[in-house]
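Participant: For reference, the chains in residue letters:
2 protein chains.
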Amino acid sequence: MRRMEGGVTAPEGFMAIGIAAGIKKDKKDMAMLYSKVPCRAAGTFTTNVVKAAPVKWDQNVVYHQETAQAVVMNSGIANACTGTEGYGYCRETAETAAALLGLRPEQVLTASTGVIGKQLPIEAIKKGVAAMVPMLSDSQAAGTLAAEAIMTTDTVKKEIAVQLELGGKKVTIGGMCKGSGMIHPNMCTMLSFVTTDAAISKELLQKALSADVKDTYNMISVDGDTSTNDTCLVLANGLAGNSEITEENEDFLAFREALNAVNTYLAKQMAADGEGASALFEVKVVGAESKEQAVILSKSIITSSLVKTAICGHDANWGRILCAMGYSGAVFDPEKVDLYFESSAGRLKIIENGVATDYSEEKATEILSQKEVTAIADMKMGEACATAWGCDLTYDYIKINADYRS
Amino acid sequence: MRRMEGGVTAPEGFMAIGIAAGIKKDKKDMAMLYSKVPCRAAGTFTTNVVKAAPVKWDQNVVYHQETAQAVVMNSGIANACTGTEGYGYCRETAETAAALLGLRPEQVLTASTGVIGKQLPIEAIKKGVAAMVPMLSDSQAAGTLAAEAIMTTDTVKKEIAVQLELGGKKVTIGGMCKGSGMIHPNMCTMLSFVTTDAAISKELLQKALSADVKDTYNMISVDGDTSTNDTCLVLANGLAGNSEITEENEDFLAFREALNAVNTYLAKQMAADGEGASALFEVKVVGAESKEQAVILSKSIITSSLVKTAICGHDANWGRILCAMGYSGAVFDPEKVDLYFESSAGRLKIIENGVATDYSEEKATEILSQKEVTAIADMKMGEACATAWGCDLTYDYIKINADYRS
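Here the protein sequences come in this chain order: A and B.
Mapping of the first sequence onto my numbering: residues 1 to 406, in sequence order.
Mapping of the second sequence onto my numbering: residues 1 to 406, in sequence order.
Any given hint might turn out to be false.
Which copy? The list can't say, so a pair holds if one copy fits it or any two copies do.
Here are the computed lysine-lysine pairs in the DSBU-like style, where the Cα-Cα straight-line distance is at most 30 Å [claimed, not checked]:
hint : residue 1 : residue 2
1    : 27        : 284
2    : 24        : 363
3    : 291       : 169
4    : 371       : 399
5    : 284       : 380
6    : 349       : 127
7    : 56        : 380
8    : 202       : 291
9    : 127       : 27
Everything labelled a hint here was simulated from the structure, so no lab data went into it.
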């Protein structure tokens, strides 16, 4: 497997585009993704009881349709808490795209992100769809335009592509996603779109995705808020010509590994670009009794406001980390825990057996002042481990969210 | 029952004091509470697996001793994650006070709040205890000095006293507490001290307290972090002369009501004075299926960073409230929910049956710009309700916590 340039248009047969359709002021706000041939589609969605209209629409497509071939996205309005009117607009969006692309509406997926509770400006959306269809392109630049058009409070576009060989055939996987607030483990808590020209059965595509989100998107948190719109879609069009993956063989494992690389990259990008974030904060829990315990502990640490503000202040306030582990619900002996801080500036053991070592505060501050900071907690209970990704909590998070709608 | 002036020294026979013992720079940092006669003691403590030394010490006193008569408190250092050395300092503190007051060490409770992981400066603590004993006073001012000495990032002292009649005798309850970070439901998540001259059995005192914290301290959150030190202690010395409450009769109910008034006041004060807070945010969930559901929903709303920043921005971004309800874990129909905002500026219905009403944004902003703001969610599922208290999330929260130790 090797990393390559580009994003969702990197795999064979995928086209994309992003435009400014007038939903947001002077910004790109609509995107489209299209495969020249029908795709197997897999998806995972928010666990929030309050589900946005496009989530409900996509669940129907992913769970009940054989194939999908296009995705219409908008940023600016979430189309959540919009009742039957909102669901109707979702259908109209799909119908408009389907008519222009020669598809059935149920082959068109939709995704929205933005303010909750407002209705979509459906005329602008329909005009946007009509404008995008003739602009669709398989160029790398078109994929980038799409990645830019789905951004809300994101500060950087997020895309990646990797290539692997399956049975002598080059298979490519591309992806793009957007964060960056209302991001919290429990399904993707964001919008993520992955394309691949791999030939793989719908069942195994879903299986690969469902397993992978647990270690990737579900291990990130920006603010503990699980969105109403979280959606991760994977479209596989089979154009790579590999012999179709229909069982959990070596090819399946290779595909899973590549999908994991794509999803891990996108998930970490989202955490690093969390609203207002100045640092990516990675937490590794090792030596845990079980994977479940490691997940609970690592998530509790990345979610703690007090830990996040300490990271913002480059302050080795490790007591807050032990505290967050303590209230996580996991059962452990605090007096066995070792804790390390690590970054490009070095590695430091901060706690041994639950109490502070004689570490240098100066060195700790230097380590914590880097753009990517890791905390490693060794529970000394067993062999299980987990990694979670978050970010620091800064003034800018408040600034962004205190008047998001203005 | 009537509200009166004062705090922990209001009930008969209680003395207190607060001083600057040199743990913090130029600030009061030690306090003492003493009853002229032995007290029945009840307590509730943090559920955090990582428990501070004074929590362990107090649990022993409350659970295994017949009486207690004094409390020694310090702010500045939490004495958490300090191992056996820290527990030893806790014992030394109690021993020092006991020797000077003519008590057994096990009659002296201790409480600490501040930085986790540092050892107590035990010589300063012992000097502080020795300095305080001769200064103990039953004056209102002495109670206030104690309330001030336990403050950390609190901006106002928090004390209250109420009086009721039990069988013709005047019974008084006084209380003080401190917040204001690491505050989150799961036991008090703070230090709170309640004194009363009521005569009540140890068993019923604990029963009254344990029941009451569920509706008061456990319903507040500042930042979702459950501290290692949370402690709520009630001392009852019986000097009011009422006939001892030994069963759940009318007197018990009257006492519970008064205790609830004290604890509700202190809990709301803590939420309102949450780190960096500019507004008290109250959430009432009504029409719920069960009390448990109402608690889960109301706590999820006050805990959401996105809801809290919206309150900070006086922004009626109700979608975030519905979103926080949706990911709470409670099962409900979003399309039945009504939501209101209320404050001294009026009351407004914002959502009806899950979608926005045609409300005035201007009026909503006016309502949300007050110092105390209430959101009321009507689930229309049953008769149960719950109230939770939080605060907005502001720039100052970041400021306070990004370099708390510097």
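Participant: Could you run down the list of hints and mark each one as holding or not?
Facilitator: Okay, the hints, checked on the actual structure:
no., hint, verdict
1, 27 to 284, "neither (38 Å within a copy, 39 Å between copies)"
2, 24 to 363, "between (45 Å within a copy, 25 Å between copies)"
3, 291 to 169, "neither (35 Å within a copy, 59 Å between copies)"
4, 371 to 399, "both (21 Å within a copy, 20 Å between copies)"
5, 284 to 380, "within (13 Å within a copy, 43 Å between copies)"
6, 349 to 127, "neither (58 Å within a copy, 34 Å between copies)"
7, 56 to 380, "between (44 Å within a copy, 24 Å between copies)"
8, 202 to 291, "within (28 Å within a copy, 43 Å between copies)"
9, 127 to 27, "within (16 Å within a copy, 65 Å between copies)"
In summary, the structure is inconsistent with hints 1, 3 and 6 from the numbered list given earlier, while agreeing with the others.
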